[in-house]
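Sequential numbering of the sequence shown, starting at 0, is according to numbering that gives the first Met the number 0.
Hints are not guaranteed to be accurate.
In silico BS3-like cross-links for lysine-lysine, where the CA-CA straight-line distance does not exceed 27 Å [as the list claims (entries may be wrong)]: (1) K262 / K109; (2) K147 / K54; (3) K190 / K268; (4) K164 / K200; (5) K268 / K227; (6) K200 / K147; (7) K153 / K117; (8) K168 / K227; (9) K153 / K190; (10) K54 / K153; (11) K147 / K109; (12) K262 / K153; (13) K200 / K117; (14) K147 / K262; (15) K227 / K117; (16) K109 / K153; (17) K168 / K117; (18) K190 / K109; (19) K164 / K221; (20) K117 / K268; (21) K117 / K262; (22) K227 / K164; (23) K200 / K109; (24) K227 / K153; (25) K190 / K262; (26) K227 / K169; (27) K262 / K200; (28) K200 / K268; (29) K190 / K227; (30) K109 / K268.
Label-pair distances were calculated between CB atoms; the ranges are [unchecked claim]: (31) R27 / P53: 48 to 56 Å; (32) A163 / S143: 34 to 42 Å; (33) L140 / S285: 16 to 24 Å; (34) P15 / E288: 13 to 21 Å; (35) S96 / E218: 30 to 38 Å; (36) Y65 / E111: 19 to 27 Å; (37) S143 / N25: 44 to 52 Å; (38) K117 / E234: 32 to 40 Å; (39) E288 / R57: 23 to 31 Å; (40) G198 / P53: 33 to 41 Å.
None of these hints come from the bench; they were simulated from the model. None of the values given here were measured: they were computed from a predicted structure. No residue lacks a Cβ here, since even glycine has one placed at the ideal position from N, Cα and C.
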Amino acid sequence: MDLSHVDVQSERPRHPIPVDWVSVSNLRIPFHKLEDDGVRLASAPVISAGIGLPKHQRGIHASRTYEAITSVLSDLDLHGIRLGGDVVGEIARKMLSLHSYGSVSRVVVKAEAFYWDKTPVSNLSSLQSFHLIYRADGQRLGDSIHVKDFIGVKVAGMTACPCAKEVIKKIYNIDDTPLPIGTHMQRSFAKVIVQNGYGIKLSDLLGLVRSCFSNRTVEYLKRIDEAKLVADALERPRFVEDVARDIVHNIVTVYSHIPDDNKIFVWVKSLESIHEHNLEARICISFGEARRHIGF
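Working from the sequences, and respecting the hints, build out all of it.
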């Protein structure tokens, strides 16, 4: 049966309003071995690929999005692939090639990853997890397609509340004690995305973000390690706002060579221990604007 003339997606929409993104999301592609920058990744990264839909097009051809993803990946050795911005950027480019009516594309790949850390006192090995994020934004400019690559991480840490700590010190008149002053603590998460292509190593970005919490989280702890982790966190109390600002400050300081017009996206969430609600802080800022604020 010839269905070549059945193209509902190319019909005129009832209301000529452009749609920012139409995505195929939560697509998993199996990889038998996947490594990047010294970390081992989980076997099924989650891919989301979207296209901007113009006002004259009723819908996208979703199969073309799937084709864009699988055609790029099929050209690679899936048994030893190094997932990175080049692969994700090529998918974003392929999206615009197949969706001829679109002018912008976005591809996001998220994967759980693992790395080895050391406990603070006993120096034992602890396997830690985090999420890596690769993003590529494509734009059609005339006859050419331009792609921007982004790299990011999402990782857990500890935050100790500075407000409760100061109030306790005041109530009990213990300003001069050398002992750690108690306060409530939270398990928190930070997600950071920055534009890639400037020599940013995944492991360095991960370490930078973890250093901005009151302390890191560690899976494997002996009693002496647990005590050290808690005591150190109490000496570095942080609001989620502090963590978000510290991340931006450290990124623009460490990556001083990245141009001013590049963007930093930061999101920090605290799972509050003494409330049923949580707290979040978000910053979206250019390198140049951040540098002007901190006088860098």
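Violating hint indices (sorted, rising): 4, 10, 17, 21, 31, 32, 34, 35, 37, 38, 39
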